[in-house]
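S.K.: Sequence:
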Amino acid sequence: MAEIRLDGLNKRQRVLADIMWSIEEWDDVERFVATLPARERIECEGIVEMMRLELVETYRAGMAIEDTAEATQLIDKIRKL
Numbered sequence: 001m002a003e004i005r006l007d008g009l010n011k012r013q014r015v016l017a018d019i020m021w022s023i024e025e026w027d028d029v030e031r032f033v034a035t036l037p038a039r040e041r042i043e044c045e046g047i048v049e050m051m052r053l054e055l056v057e058t059y060r061a062g063m064a065i066e067d068t069a070e071a072t073q074l075i076d077k078i079r080k081l
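Residue numbers (the numbering used here): 1 to 81.
Be aware that a few hints might be false.
What the hints assert, rightly or not - Just the calculated beta-carbon pair ranges, DEER-fashion: (1) R12 x A69: 32 to 38 Å; (2) R60 x D27: 24 to 30 Å; (3) W26 x E70: 28 to 34 Å; (4) I19 x A61: 22 to 28 Å; (5) A38 x A71: 32 to 38 Å.
None of these hints come from the bench; they were simulated from the model.
The structure presented is a predicted model; accordingly, all values stated were derived computationally and were not measured.
Yeah, the Cβ is synthetic: ideal placement off N, Cα and C, and Gly gets one too.
I would like the entire structure built from these sequences, with the hints used as guidance.
M.R.: The structure is reproduced here in structure tokens:
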């Protein structure tokens with residue numbers, strides 16, 4: 001599995017990210033998230049989105065795909081959400 005780095009997470013969010021990253025099946029991640037209080041479920045949704053963005057960026061960089069200004073702006077905009 002690819003290695004990614006998520007910047008800007010607090011300690012609790014890093015723990016949640018590590019737990020979700022260690023789970024192999026998406027269905028199991030969903031089951032784990034469903035057991036959490038509402039606040040943590042919302043945080044997990046954001047963490048998962050950050051993971052997706054970082055994975056796309058990691059694979060894009062690994063494939064040596066050229067940056068485009070529009071794509072970079074969109075990724076930066078989404079990261080700020």
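S.K.: That 24 to 30 Å hint for R60 and D27 (C-beta), does it hold up?
M.R.: holds (27 Å)
S.K.: Quick one: are R12 and A69 within 32 to 38 Å, going by C-beta?
M.R.: holds (35 Å)
S.K.: Go ahead and decide if the range 32 to 38 Å is satisfied by the Cβ distance of A38 to A71.
M.R.: With Cβ atoms ~33 Å apart, the hint holds.
S.K.: Is 22 to 28 Å right for how far apart the beta carbons of I19 and A61 are?
M.R.: holds (26 Å)
S.K.: Given the range 28 to 34 Å, decide if the beta-carbon distance of W26 to E70 lies inside it.
M.R.: Since W26 and E70 have Cβ atoms about 29 Å apart, the given range 28 to 34 Å holds.
Violated hints for the displayed structure: none, as all numbered hints are satisfied.
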